[in-house]
Amino acid sequence: MNLDELKPLWESYKTQVNDQSEWSSDDISRLVRNRPTPIPWYQKAQRPFLHFCVSCLLISITSGC
Amino acid sequence: MCDFIVPSATNTFIIHQSSLAVEKVSLQKEFVQLIAIQQKLIHSLCSLYFSQSEDRKDMFQEIVLQLWKAYPSFNHQSKVSTWMYRIALNTVFAKLRREKSRPKNEPYSEYAYQISASDNSLELTQATEELYRAIEQLSDVDKAIIMLYLEEHSYEEIAGILNLSRTNVSTRINRIKSKLEKLLKNQLP
Chain X
113 MNLDELKPLW ESYKTQVNDQ SEWSSDDISR LVRNRPTPIP WYQKAQRPFL
163 HFCVSCLLIS ITSGC
Chain R
136 MCDFIVPSAT NTFIIHQSSL AVEKVSLQKE FVQLIAIQQK LIHSLCSLYF
186 SQSEDRKDMF QEIVLQLWKA YPSFNHQSKV STWMYRIALN TVFAKLRREK
236 SRPKNEPYSE YAYQISASDN SLELTQATEE LYRAIEQLSD VDKAIIMLYL
286 EEHSYEEIAG ILNLSRTNVS TRINRIKSKL EKLLKNQLP
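Read top to bottom, the protein sequences are chains X and R.
Under this note's numbering, the letters of the first sequence match residues 113 to 177, in that order.
Under this note's numbering, the letters of the second sequence match residues 136 to 324, in that order.
There is no bait here: all hints are sound.
Quick list of in silico lysine-lysine cross-link-like pairs, DSSO-like style, CA-CA up to 27 Å:
1) 204(R) with 126(X)
2) 320(R) with 126(X)
3) 278(R) with 119(X)
4) 312(R) with 119(X)
5) 204(R) with 156(X)
Derived by calculation from the structure, the hints in this document are not laboratory data.
Nothing here was measured: the structure is a model prediction, and the numbers come from that model.
The following block holds chain X by itself, in its conformation from the complex:
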């Protein structure tokens, strides 16, 4: 079997799948417009920073500073 024989079948598969799942330009536009805003970097760092501060506080308390 030559794999190239499958190319027309693959094209037909793609067309059939697309016909059943196609999105209109408006749908795509809405999806892109409503995408969630990216989380700012400092929000990702908030929790580790809190942990670091608590650790420092505990060290300072236990060491008697």
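Based on these hints, arrange chain R on the given structure of chain X.
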């Protein structure tokens, strides 16, 4: 002097902001047009990896969002389809990895059975259904390789998209060929 500088600086800032907004809108329009034309590629990819219609829809959305995120840095040095496949396949593989690492200790429920029974599967002609069933039995990477091959990408391009060596791609294609030959023996003339 200051009275003149401040309003002019503000105006420049406003003009700059509005030109950025216009640029963003035109970029968005361009992107939407691109996806509208090339969506066939994403749908066929999703359908090979996900059998449930809801999963396919989720994956389509996730891929489009990833493409949109990467679009401003796309420099048109490679083919659009190559760029799209690279991002789409990375998104699919990341999702599959997440699913595999998730513990599967959910109890069997009647509801889950009903969902899988209804399936929302695609309506395909017999020949395309046979091709789909045959490709479905390949491994995740092999599915991607055969899809890219059928999309007329060169071995070098396939190797580049999937981070494999050219020799590896060529060996795998030979293996896929014999596997598909076995699976499709009865269907092809």
